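**Student:** Listed here are the chains, written in short residue letters.
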Amino acid sequence: MNLSHYYVAFLGIVSRELHRFFQQRTRLLSALIRPLLWLVVFAAGFRAALGVSIMEPYGTYITYQTYITPGLCCMIILFNGMQSSLSMVYDREMGSMKVLLMSPLPRPFLLFCKVFATALLSLIQVYIFLALAQLVDVEIDFMGYITAIPAVFLIALFLGALGLMLSNLIKQLENFAGVMNFVIFPMFFLSSALYPLWKMKEASLWLYWICHYNPFSYCVELLRFALYEQANTDTLMVLIPITCVVVVLALASFSPKSGGRR
Amino acid sequence: MTATLEINQISFNYGPKKALDKVTFAIKPGFNVLLGPNGAGKSTLISLLTRLTKVDSGNILCDGFDLEKETAKVMRLFGVVFQQSTLDLDLSIKQNLVYHGALHGLSAKQSLSNVMPLLEEFELSSRLGDKVRSLNGGHRRRVELVRALLHKPKVLLLDEASVGLDNPSRHMIINYLRQCVRQEGLAVLWTTHLLDEINASDYLIMLNQGRVAQQGQVSTLLAQYAVNDVQALYAALTDAFAFNKI
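Chains as they are written, first to last, in the working numbering: chain A, 1 to 262; chain B, 263 to 508.
Source of the hints: derived by calculation from the structure; they are not laboratory data. You can trust all of the hints, since none of them are fake.
Listed below are the simulated DSSO-like cross-link pairs for lysine-lysine, each with C-alpha atoms no more than 30 Å apart in a straight line:
| hint | chain 1 | residue 1 | chain 2 | residue 2 |
| --- | --- | --- | --- | --- |
| 1 | B | Lys393 | B | Lys414 |
| 2 | B | Lys335 | A | Lys98 |
| 3 | A | Lys98 | B | Lys356 |
| 4 | A | Lys98 | B | Lys371 |
| 5 | A | Lys98 | B | Lys284 |
| 6 | B | Lys290 | B | Lys416 |
| 7 | B | Lys414 | B | Lys290 |
| 8 | A | Lys98 | B | Lys290 |
The model shown is predicted, which means the values in this text are computed figures rather than measured ones.
Build the full structure now, drawing on both the sequences and the hints.
**Tutor:** This is the structure in structure tokens:
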């Protein structure tokens, strides 16, 4: 097998995921409606109660909408990552996973292509959301959109690989509700997505520490700084190794038959 | 001629249940039928051949390459049609074919040119843009067969590929495969429990309760068991197996 085989297969897997995504219009719609509701409705209602004082990376007072935008972007990536785990379970149940696994290429490479495609889809959704967020006065400099690309991609790789790992644990499509309750909601709410951690510290110290050690908080902060053209090295030093570990674990632990033998 | 596919002493258990017990046989280019009742271990064997499940013991060789050690070389030689449809329902016929081709390192153009004659023969060439979801069972099976042949495999594995099809579709597929065997020297391993799909010229491997009960050219076995047709042969083989004569 030569490099061109890998390249053609990579393009094939990525374009298949893109085709599937754009043919499922309701998936794109629901991916955008959820964070937009938070941004437009929730943020409007809570902006007075949850005023945010000056903090890094913002140079001045900001609106609550501006504060939660990076968290909502990460929410999109989180949901897309978990959606990809659902899609893996669906592919496994419907049999189309067999087509992928019958390729002569190494399985870790094939699965990495899937994770990469998931990350690309997350990137597309986040940028559509950011474009719509401008309508509610979330202002980000043009350069911020550029510097956010690698951050979104790193976060999407991490959460996509996490989704792949979870797909090994989910035996049936019906179990996806468990992922919502035990993964998505705790990760999102126990993070700095909706409120700064110092506010959480004032309310409850133990909750603060949970939020502090939640990798999702690092995702949110990395993107928050990246959107303001700053590299947050503290978060990068945590997220890069975690992403590498999760990607390796996800690829190594993959089982063609969920809950079965490898 | 050396065997194209060799299965040597393959055993496999589902927990305490023995699914395959030291299964050994070899197939050459031609139409080879893996026959057995439900639960005989046919699908388990296909699952092992396609590496969706790992063998407990024994080895599988294709063209001299060991499936475990030289996986990529072996997988390139296999085309597979699974019992359960593996087409992506949300994609078109063309997208499904191009995706499969890409996984085998073929460009979209190359993939389509490889299968265009077959698509025409199966009356699918004008429906390339149709979503698979809109096709009936017979057409879906045809697409799966086209896809399995797209990368020009040497061995075609078909796991109960005719189940659920009407007679015209079944015959169309089987006749085409027999033609491939004659013209292109393809080795077909056709697993089935339907006796009317078997010809006297086929090589038969009878699987029962995870063991190879009998194997050989159908015409030879008919003579050996002094019976006139495949139904009678099947009954004779099943009886012989039940009474441990095999």
